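Peer 1: Residues per chain, in single letters:
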Amino acid sequence: MKTKLIASFLLGTALAVTTAGVAFAQDKTIKIGVLTDNSGLYADLGGPGSTVAAQMAIEDSGLAAKGWKLDLISADHQNKPDVATAIARQWIDVEKVDVFMDVLNSGVALAVNNVVKEKNSVMINSGAATSDLTNAQCTPNTVHWTYDTYMLAHSTGQALVKAGGDTWFFITADYAFGHALERDTAAVVTASGGKVLGDVKVPLNNADFSSFLLQAQASKAKIIGMANAGGDTSNTIKQAAEFGIVKGGQKLAGLLLFLTDVHSLGLNVAQGLNLSSTFYWDENDQTRAFSKRFAERMKNKAMPTMVQAGVYSGLLHYIKAVEALGGNPHDGAKVVAKMKEMPTDDPLFGKGSIEPNGRALHPAYLFEVKKPSESKGPWDYYKLIGTTPADKAFRPLSESACPLAKK
Amino acid sequence: MQALFAQLLVGLINGSFYALLSLGLAVIFGMLNIINFAHGALYMMGAFVAYFLLNLGGINYWWALLFAPIIVGIFGMILERTMLQWLTGLDHLYGLLLTFGIALIVQGVFQNYFGSSGMPYAIPDQLKGGMNLGFMFLPIYRAWVVIFSLVVCIATWFLIEKTRLGAYLRAATENPTLVRAFGINVPRMITLTYGLGVGLAALAGVLSAPINQVRPLMGADLIIVVFAVVVIGGMGSIMGSIITGFALGVIEGLTKYFYPEASNTVVFVLMVLVLLVKPTGLTGRAA
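Protein chains in written order, with the numbering used here: chain X, 4 to 410; chain G, 24 to 310.
Note that these hints are calculated values from the structure, not bench results. Bear in mind that the values here come from a model prediction, so they are computed numbers and not experimental data. Warning: the hint list may mix true and false statements.
[Claimed, not checked] Simulated pairs of lysine-lysine, DSSO-like, Cα-Cα distance not exceeding 27 Å:
1. X:Lys-250 x X:Lys-373
2. X:Lys-354 x X:Lys-337
3. X:Lys-122 x X:Lys-72
4. X:Lys-409 x X:Lys-122
5. X:Lys-374 x G:Lys-151
6. X:Lys-373 x G:Lys-151
7. X:Lys-99 x X:Lys-323
8. G:Lys-151 x X:Lys-254
9. X:Lys-341 x X:Lys-69
10. X:Lys-302 x X:Lys-379
11. X:Lys-223 x G:Lys-151
12. X:Lys-386 x X:Lys-295
13. G:Lys-151 x X:Lys-250
14. X:Lys-337 x X:Lys-323
15. X:Lys-337 x X:Lys-31
[To be verified] Partial list, derived from the structure: chain X residues whose beta carbon lies under 7 Å from chain G:
16. Ala-46
17. Asp-47
18. Pro-206
19. Ala-210
20. Asp-211
21. Leu-217
22. Ala-221
23. Gly-269
24. Asn-303
25. Gly-353
Cβ atoms here follow ideal geometry from the backbone N, Cα and C, with glycine treated the same way.
Isolated chain X, as found in the complex:
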């Protein structure tokens, strides 16, 4: 009896030691989920291209060769926060997803932000614009990678006010993103001595902007700020040309304009517009090399937008951080803390860092859309007119309302 007891005790201890050993020799698996708009008005700027970018990051990380297992899944959130949070919960609970990539659409991003924090997962947001993600709504689990409304407002807004555009009227997408972009830009305009004459809030995914453009025209504002994105912006620009708005002396400001929007408008309509971006495919040899590889994989041979480029860079940095930890702890906050500790460096965004509030810092560029005569070929659309250095491009920590930013 006694021997039996000792034997089972020993066996038990042995088992305990082995399981502890398994838990200790860390897990070399990472599951990546690309949550994006695969079918709606933002599908070209993120969508399937974001999944391609994530796949390329996995391959370029070289981690598979070191015996790691990296799985990728993607889903369409249809620009609906409720759909997105349902997917997010299922991905974390059932699919055991470690990191959410892209998550474009500010409304969706803010909703998923809460789920990710609650479940201690990770979101590396590339596509959403709202600066609230690293301000009042910041969490230890989210990194906002590519751009935000604060950057857009300061880069494009300030440049236009300086160039004499001191009265503004906003055509604003009526949800979290549009509101944040208008708020941040209006603040810049007012702070630079300009004035906001009015605004109109337009439901998302609208085909006809003529009524709103007429209101903007009637306001006599020098600048019509388009606080919308994707297909909505394209239609606004196209119809503004039709109603003779630019010819009438008012200037359009595309506060958020993507490469794919310019492509879909054509240079004839888009020429002369100013826009801000943190990535352009034709920046240097490295970005060109990446973009060509990317375009080859895309069905319509499209060059990457800054959102898709951000998915690639953000995921590479995440993978580096997990590797540096020696294995995947499946502890979101721990991985994000490691990401913040390590400097960022990748072929697309260059050297940078991540602030305690989760804001990734890199330079922001102000571009002008080329005239058709200046463009040398397909996707040759932008010329650089100004650069804001990384430490000036985003909201300074001292102004941040994020509790994590307080030392």
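Given the coordinates of chain X, assemble chain G onto it according to the supplied hints.
Peer 2: Coordinates of chain G only, in the frame set by chain X:
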């Protein structure tokens, strides 16, 4: 006050699209008893065909106004022959589900190949520029859209309500057996009618290509509003859908002026109100 006039005019322009699209729906429903949910997808195809004609065949806008409806109309007739005709006599629901499925497939295929932001289609040179009306700048192209769609709407109404062909059609839907006894090929008439309705959708698509981007989802965004127009006007009523189409465009335009946030929902609020008071729609006859 000036701004208000401008909004009324813009509303009328949007109303032209609603009228053209709901007219096609009403023709199809009135004659075939099919609730054609593929209408938006066929409208989108009209715009895409115009785009292809221009970019692949060098065929300009004016010819596209003729060819795109014919090409998409033929596609519609093939759909009718191969799928829809088997639903004759069945509940409306079958037609609705089938055409909804067709719409999803067509949109999915286009989206897969052309992405979501769409392609540019320029306004034809002859219709570029605009007129200063004092209270607003009216693009000539928009004025053309209103006039052209009014003419098409009236012509279609005339064809169905006032001509012998229209009389046959109406009779064939009332009593197909009797009409067949007179030696008229009823199935062929029905196929042609579906082709006509689809052609109207494609025509609206060509008209809208220079104003909106040519996008795979352009029809999906519009179709729900157009259905509301048809329901408010009275299912199957030709004149009802024309008048309601224009009127709702104007009401929507006014909402955009007074309370823009509600501009996407005002049509549905109206639909609820009309259905509460008159369940057959404004001009519909009781079934």
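Peer 1: Hint by hint, say whether it matches the structure.
Peer 2: These are the hints, each one checked on the structure:
The suggested pairing of Lys-250 of chain X with Lys-373 of chain X holds, with an alpha-carbon distance near 18 Å, which does not exceed 27 Å. Restraint check for Lys-354 of chain X and Lys-337 of chain X: the C-alpha separation of about 22 Å stays at or below 27 Å, so the hint holds. For the hint pairing Lys-122 of chain X with Lys-72 of chain X, the CA-to-CA distance comes to about 22 Å; that is within 27 Å, so the pair holds. For the given pair, Lys-409 of chain X sits about 24 Å from Lys-122 of chain X by alpha-carbon distance, which is consistent with the 27 Å threshold.
Using a Cα cut-off of 27 Å, the hinted pair Lys-374 of chain X and Lys-151 of chain G holds, with the two alpha carbons roughly 20 Å apart. As the CA atoms of Lys-373 of chain X and Lys-151 of chain G are separated by approximately 23 Å, the hinted pair is consistent with the 27 Å bound. For the hint pairing Lys-99 of chain X with Lys-323 of chain X, the CA-to-CA distance comes to about 20 Å; that is within 27 Å, so the pair holds. Among the hinted pairs, Lys-151 of chain G with Lys-254 of chain X is consistent with the structure: their alpha-carbon atoms are about 20 Å apart, no more than 27 Å.
The suggested pairing of Lys-341 of chain X with Lys-69 of chain X holds, with an alpha-carbon distance near 20 Å, which does not exceed 27 Å. For a cut-off of 27 Å, the pair hint linking Lys-302 of chain X to Lys-379 of chain X stands: about 22 Å separates their Cα positions. A C-alpha spacing of about 24 Å is found between Lys-223 of chain X and Lys-151 of chain G, which places the hinted pair at or below 27 Å, so the restraint holds. Restraint check for Lys-386 of chain X and Lys-295 of chain X: satisfied, since their Cα atoms lie roughly 19 Å apart, inside the 27 Å limit.
Straight-line distance between C-alpha atoms of Lys-151 of chain G and Lys-250 of chain X comes to about 13 Å, which keeps the hinted pair within the 27 Å bound. Restraint check for Lys-337 of chain X and Lys-323 of chain X: satisfied, since their Cα atoms lie roughly 13 Å apart, inside the 27 Å limit. For the hint linking Lys-337 of chain X to Lys-31 of chain X, the alpha-carbon distance of about 16 Å falls within 27 Å, and the restraint holds. Because the smallest distance between the Cβ of Ala-46 of chain X and any Cβ of chain G comes to about 4 Å, under 7 Å, the interface hint for this residue holds.
Interface hint at Asp-47 of chain X: satisfied, since its Cβ lies 4 Å from the closest Cβ of chain G, which is below the 7 Å cut-off. Interface restraint check: Pro-206 of chain X against chain G, minimum CB-CB distance 4 Å, threshold 7 Å, status holds. This hint holds: Ala-210 of chain X has a C-beta 5 Å from the nearest C-beta of chain G, less than the 7 Å allowed. The restraint placing Asp-211 of chain X at the interface with chain G holds, with a minimum CB-CB distance near 6 Å, inside the 7 Å limit.
At its closest, the beta carbon of Leu-217 of chain X sits 5 Å from a beta carbon of chain G; the interface hint therefore holds under the 7 Å criterion. Annotation: Ala-221 of chain X was flagged as interfacial toward chain G, and the flag holds, the nearest CB pair being 5 Å apart, inside 7 Å. Checking Gly-269 of chain X against chain G: minimum C-beta separation of about 4 Å stays under 7 Å; hint holds. Taken as an interface hint, Asn-303 of chain X checks out: its beta carbon lies about 6 Å from the nearest beta carbon of chain G, inside 7 Å.
Among the interface hints, the one on Gly-353 of chain X is violated; its C-beta lies about 28 Å from the nearest C-beta in chain G, farther than the 7 Å criterion.
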